[in-house]
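2 protein chains.
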Amino acid sequence: MGSVELILRIASRLAEDYRRGEKIVLVVSAMAKTTDSLFALAHQITRFPSRREMDMLLTAGERISMSLLSLALLEEGVPSISFTGSQSGIITNGNHGNARIKKVNAFRIHEELDKDKIVIVAGFQGVSTGKEITTLGRGGSDTSAVAMACYLKADRCEIYTDVDGVFTADPRVVPNARLIPEIGYKDMLALALSGSKVLHPRAVEYAMRHGVPVEVRSSFTFREGTTIKDEYNIKEGNMEKREIIAIAHKDQLLRYRIDASEKSIAMIAAWVDELHKISYHEEYIEVYIEPKYESDFEFALERAKVKTLGKLDELGSVSLIGDSLASDLKLMAELISLCKAIPKCSLSHSQTAVEFILPADKTADLVAKLHDEYLKEKQ
Amino acid sequence: MGSVELILRIASRLAEDYRRGEKIVLVVSAMAKTTDSLFALAHQITRFPSRREMDMLLTAGERISMSLLSLALLEEGVPSISFTGSQSGIITNGNHGNARIKKVNAFRIHEELDKDKIVIVAGFQGVSTGKEITTLGRGGSDTSAVAMACYLKADRCEIYTDVDGVFTADPRVVPNARLIPEIGYKDMLALALSGSKVLHPRAVEYAMRHGVPVEVRSSFTFREGTTIKDEYNIKEGNMEKREIIAIAHKDQLLRYRIDASEKSIAMIAAWVDELHKISYHEEYIEVYIEPKYESDFEFALERAKVKTLGKLDELGSVSLIGDSLASDLKLMAELISLCKAIPKCSLSHSQTAVEFILPADKTADLVAKLHDEYLKEKQ
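Taken in sequence, the protein lines are chains A and B.
All letters in the first sequence, in the order written, are residues 1 to 379 by the working numbering.
All letters in the second sequence, in the order written, are residues 1 to 379 by the working numbering.
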């Protein structure tokens, strides 16, 4: 959520849907500025905040946006009520700052829906069985929304965000990138893991496991965006007989070369939210991470007593997303020759993606070149 | 609570008390700026906010201050934990915006005190038996603190505020007003009702009913302030054999002359938080209120279908606080002659106070004159 103006616009949009007779549960995030200013306050006090107290602090954010949105709906003449994570029955484990949803006891939500109210639910937060306030960590609001849609057996889950949907490449890098109207869960997950920021991988996984269709739309235009759904349900016409679905990239990666056992790698992976990639070599292991996880990662190395052999920064990744691309030998030959033409570039592949690792300042060029070659709209 | 600096100073003060072996439960209010900005956000959305959603919104304020204070204590090396009104077991009725505490189920607080933690409790808020978030209305944080002290059978309740304690008159009007070290509940209640803003009348009443001594101190200096306690326990030396304890005043009052039955007055009194004074005459009733209740009051008049015969503004009140002052005929004669010398001044009395109603611009002079006459320190 952006601001009061955004809240007002979303309220009037919801009022329209409501008057068409839809039953609506809305999961809200905090307003961006609120979260930033709460973090700033905490950091004036301590460099190492308690996760439990940070959960208490940050959950004030959704409380503010949900009550404001409810006030806006009431002002529109639409009956509405806001619920905290606890009141919504979002039960999590007790892992502060990164809790997992165990179940949703949504009886209060059903009660209010039966009274023809729009129910506004605080995303990102829940309550443990020990009555402690928890937050869900990165991607938490999206995950709350998807989880709520699953438990309520909703027809669909719409995610309103600051982009129009999922594109064939990042439109800031490739201006003629195309909006993808429908995409399968697995492709979306691969995209999310490879750098697309439209939907958090965790929310995609949740939707995939429960088979809930998720539609991503812009909260500015409300125009139709991208629907993420079972691959077998995607309409022939939209699937576009091509194997390459989209390109994702990250332009900030660090590579650590470490001397670690498989066991200590497992420990590190458990402590750090997200490792971009791990590659195993005879003499060492290479771990790629995004800079935002750097301090977590270094702390994990320390705790696991793992020696760092080297560290390289200013790397990036470019991934072609599509099923079994590596089995297309002609394509792979082309990609290998592209990679060879870039200094310090390497190539690897998985079931769902082919990935280049290369100097950060070369990523944008490669994204543009690949999009031009494989994803440009045929005239 | 004022700001991060104040939070840090309070944390270091609490750390000292804690290290002396005291068991501490701290009830916090929201930071002043937070409440103001939350109100401002709501008023960008609606002129008539739902009380239920306003409770949801405003309770974010204590959540922020309590978690920041807990972070500050942890940073000081003091184990601490913050609890919402609901987690603290503060059970209220369901009257949003002006709820009353029904009971306190403080088992979680006792558990954490037993673990040698400082427990920080969100003031001003509670939870209804229907699991709805409520707020206690005006004076709510003070009332929360006193209620908590009662239910926990605390030795004492300290209120940290922005003044040094209770003075013989408002020090901004009477620079040589003296700090009153000890004052009885009834006198304090009379003072609070007559305009002293040190402690809300509701908190004083609560303390009086339960016999909890309350000490008011400055959160800036932490110096000993005023203890409010049972009148029979006040030390001889401090009681100062005088009958006049202090002077309180209000310099903004409105007077409505209305044509109302006793029954409609009762209805109005139930709807408006605080009526300063009601006086009954043969032909009409006069109600004095502070301007902040004006819109509530006019709305109540409308609902009760009561006709206004006249309205006067720019009035003030000056009250001499002391037990049975009116039975001192010499004093009363002096006060009557003082009143006669002021145009449009009237005088009335109760068990605990003698009150002048007069033009607002004459209040400061009268306060100073009365203090000089009856309360000045004998050299």
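Fair warning: there could be bad hints in the mix.
Since the list gives no way to pick out one identical chain from another, each pair is judged satisfied if it fits inside one copy or across any two copies.
To be verified - Mimicking SDA-like on lysine to any residue, the simulated pairs with C-alpha atoms at most 25 Å apart in a straight line are:
{"#": "1", "residue 1": "117", "residue 2": "51"}
{"#": "2", "residue 1": "369", "residue 2": "150"}
{"#": "3", "residue 1": "131", "residue 2": "158"}
{"#": "4", "residue 1": "131", "residue 2": "110"}
{"#": "5", "residue 1": "23", "residue 2": "54"}
{"#": "6", "residue 1": "362", "residue 2": "155"}
{"#": "7", "residue 1": "102", "residue 2": "54"}
{"#": "8", "residue 1": "292", "residue 2": "130"}
Worth flagging that the hints you see were computed from the coordinates, not collected in a lab.
Going through the hints against the structure:
In this assembly of identical chains, the alpha carbons of residue 117 and residue 51 lie at most 25 Å apart only when taken from different copies (17 Å versus 34 Å within one copy). With identical chains, the CA atoms of residue 369 and residue 150 are never at most 25 Å apart, being 40 Å at best within one copy and 73 Å at best between copies. In this homomeric assembly, residue 131 and residue 158 never come within 25 Å of each other (Cα to Cα): the closest approach is 29 Å inside a single copy and 29 Å across copies. In this assembly of identical chains, residue 131 and residue 110 lie within 25 Å of each other by CA distance both inside one copy and across copies; the values are 22 Å within and 16 Å between.
Only between protomers do residue 23 and residue 54 lie at most 25 Å apart by alpha-carbon distance; the minimum there is 24 Å, versus 34 Å within a single protomer. Taking the shortest Cα distances, residue 362 and residue 155 never come within 25 Å of each other, neither inside one copy (43 Å) nor across copies (69 Å). For the homomeric pair residue 102 and residue 54, the shortest alpha-carbon distance inside one copy (21 Å) is at most 25 Å, but the shortest distance between copies (30 Å) is not. In this homomeric assembly, residue 292 and residue 130 never come within 25 Å of each other (Cα to Cα): the closest approach is 31 Å inside a single copy and 42 Å across copies.
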